[in-house]
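Trainee: Please build the complex by placing chain S on the supplied structure of chain F, with the hints as guidance.
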Amino acid sequence: MNAFRYAQARDAASAMAALAADPRARYIAGGTNVVDLMKEGVERPSLLVDITQLPLRGIDRTATGVRVGALALMSDVADHPAIARDYPVVAQALLASASPQLRNMATIGGNLMQRTRCAYFRDVSQHCNKRAPGTGCAAISGVNRRHAVVGGSEQCICTHASDLAVALLSVDAIVHVRGRAGERTVPLERFHVLPGSTPQRETVLEHGDLITAVELPASAAARNSYYLKVRDRASYEFALVSVAAALNVAGGRIRAARVALGGVAPTPWRAHAAEAALLGRPATGGTFAAAAEAATRGMKGYGQNDFKIVLVRRAVNRALQHVGAIA
Amino acid sequence: MSGLVGAPVDRVDGRLKVTGAAKYSAEIALPGLVYGVMVLSTTASGTSQVDADAARRAPGVIAVMTPQNAPRVDSGGNGAGDRTLMVLQDEVVRYDRQPVAVVVADTFERATDAAAMVRVRYAAAPAVTRFDAAAEYKPASGGRDVDKHKGDAAAALAQAAVKVDGTYIVPVEHHNPMEPHATVAQWDGDQLTVYESTQGVINARRTLAQTFGIPTASVRVVSKFIGGGFGGKGSVWPHAVLAAMAAKLVNRPVKIVLSRPQMFGSVGFRPQTVQRVALGAGSDGRLSAIIHETSAQTSVFDEFMAGTGAISAVLYGTPNLTITHRLRRLNTSTPTFMRAPGEACGSFALESAMDELAYATGIDPVELRLRNDTQVDADGKPFSSRALREALRQGAERFGWSRRDPRPRSMRDGRLLVGMGVAAASYPTHRSAASALVRVNADGTALVQSSGVDIGTGAYTVFTQIAAEQLGLPVEQVRIELGDSAFPAAPNAGGSQLTASAGSAIKLAALDARAKLLALARGDASALIGGAAAIAALMRTGGVETIEGRSDAKPGDDAQKYAMHSFGAQFAEVRVDPDLGTVRVVRFVNAFGAGRILNEKTARSQYIGGAVWGIGMALLEHTRYDERSGRIMTANLAEYLVPVNADVPAIEPIIIPEDDPHVNEIGVKGIGEIGIVGAAAAIANAVYHATGKRVRDLPITPEKLLA
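Sequence order for the protein chains is F and S.
So for the first sequence, the numbering used here puts the first residue at 1; every next one is plus one.
So for the second sequence, the numbering used here puts the first residue at 1001; every next one is plus one.
Chain F extracted, bound-state conformation (with noise of 0.2 angstroms):
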């Protein structure tokens, strides 16, 4: 880890300012993952501005949905009554994140911005375009078990590590963003970028914006939701592939249905495919099929992650068993 300052930000203008004059200068909230990226020598700020202190923690109804603070705890978020009523799949998909003690220090602000867990953007020493523009993706032909099988170019196959995020996609929340230019609003979908040949662009988000919050609009398909993640281990890893589904069903036919993955792209993954394949169909195993082998289209394997297409297939199918209530 370089050395480096630090401030606390008393108010989100000086926070701002503080990133304005100095480029490599970062927001620091929880520091799950900053921190661990230090330490790895992938980041090196020169000033940390501490935004924890910033009035951003609060969880309020709104007349159209929920309204999460960016600064609110993964772990609040998770146990807030709402979220877990209105928007199951959120409050699964935090509840499958991590561990009880980073959910009680990451905030959702940095879980959208968390970075990739690729093993060659996290070492040094290694080449990767995300981290050092120009010196390849050497998890193309490398150890790419946990990678990308859509979304990826020549030069990035990396997946976007949230749980969160894909959940989110699922009710189409819409992030809260303060910048230079006052306030403005993204969805969800067009918050993260994919790699193209800039991976080194990760969001829309300029140097110095400011997330200020998450809108969660209120829905019969977000009230109908489940988050299915699938990994090797029990508890506490990445996703190998993760599913959010959301469906609203009335007179035995789909009203409306988002489908979103996780551990597959180096985004999370919106499949569009699979929605249109259920957006007014009966709601039946049939039809739940016939969109799971919709939500792998245009998936390709690099050898070590093959496997994730069947997988996406088997879990897609799984979940809107789940939420089509045939299971």
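If you are wondering where the hints come from, they were derived from the structure by calculation, not from laboratory data.
Keep in mind it's a predicted model, so treat the numbers as computed, not measured.
We put the CB at the ideal spot given by N, CA and C, even for glycine.
Simulated coverage check for chain F against chain S, where a stretch passes if three residues somewhere in it have a Cβ under 8 angstroms from a Cβ of chain S:
1) 110-121
2) 137-143
3) 227-237
4) 308-318
Mentor: Quick look at chain S alone, frame taken from chain F:
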């Protein structure tokens, strides 16, 4: 206090540990202590060129040690220790994470920061990074353990009514004790004191003395508390020598503590093994042939061979047996002992094959093992005691084996497949020479000293029990000191032999002290009854300040006459999700006959821990290398998975009482390692029963069950 031995006495060091008062090697504070951080290679073969200018100028840096300025030492192989140590004696890189420099600074943080500033350029040389690409050869070391032949196994196999023949793979595994390796080294003139996280201070002292070319008497090694060793701390590793070299270079005490990523590669590991096991049997299941061929990896500069096939000469009787061991040289550090070094892997192959034979013959797996029970080993030696039959019987009873429908995929729990598996276990009873001191003080209390190290297993406690029982004292009136090479010699806490060796010595030393007390009482044993008060009165009357009991205990003739082993049986129940390929162990019963049990509580912990290790081995643990560079790409606990609490079900150990007069003075066989033997096979066999899929390469991860 007769009856103390065997009782489930609480750990005598428990309070020290839970209050933080127990000081581990990394916590040793010395005046003037400075901090070393190793810079490790990032490739597996080549020559390194170190540019340390920036690091030398960094704040707080005292020195950067490189091959240019490192003190010259004997880095071993033949002379020093059990392995060659890559300690900056040349620029040649032979494995990933080999030390290429050490930064010494006034704080750990500054040393860490400066270590990241060291620039290393490599002139790459070809590396052997793939097991398949390395040529196989017959090891020069290993002696008569390398190959064993009895009868004609190949011919018997060809003629067998039923045969199974499979290849079983166990990948590289890392020990991952909770406490990382740590060394604090201090020179006082030519006297070296090292606080070291080691399983054996006498062994470490010898290696360090030879490395630095100084008399053994000039080295003191202290290892008071260890947060897990598992064989990984059985040897001296480069960081320990480097700490002492750096201390010499900067003329101050130096501490080096490994980071978790450094625990992969810079120290030892369980080598990959590829085993062929072929069994021939009659239709009644009686074995006519066992062929057990092992190919394992070693480093390009040293040989390490574990007796992987040895278990095939012990578990079952067969007229025809072939056991071979071969090695392959890869660009890794030299592999080392890891909990049941040979038997853990060997039992996975043999006991998976026995399960396959059970299905091939249609005989129940427990019954098949009972039919092949034997009273002599492959050399014809009788066993000093053998509890295999009883372990299988009691284990099956407790586990509810009779409820098992043997047909694969026949048992379900909702949508999950249910599987039940069994495997047998054995582990040899080792013993080495050891000495001990038992001193009786004027107040009637006693002090026990041995250089043996308690690596977390409970040696402090059981040794206290042994001495207390002989002296008729409660455990509270016996103080014990371990883990200092200044104390009477004991072997490594490895090979499950410390209790047998040092425990026997402590019993003999206590008997010696007791004999002297009895002499003081003119043979009146009643004068010794009444704990410390009675003994204090006796000594006061006799005008004696202290009494010292000493011993030199060593293996007797019985080791030549008998085959000495622990035996056991492992029973696992799993749930497998047939769609997602995930396996969870839901129940585990294991039963062992391992001689006399000195403390039921600490013994159960060893058996439970062995099962937990078996779960990791069966389902999770896998070190993955980048085959282009030889770099370990799973060098953290998020990528290298060990079981977490949620993976560990109720584990029910059964202790089979055993009275073996042949093994040693205290009748113990050692319990630290047998718990893992067969555990992975029991789980793999349960997975087969659940799914009908025979996975022969560990770990059993979802992708292997999805197809």
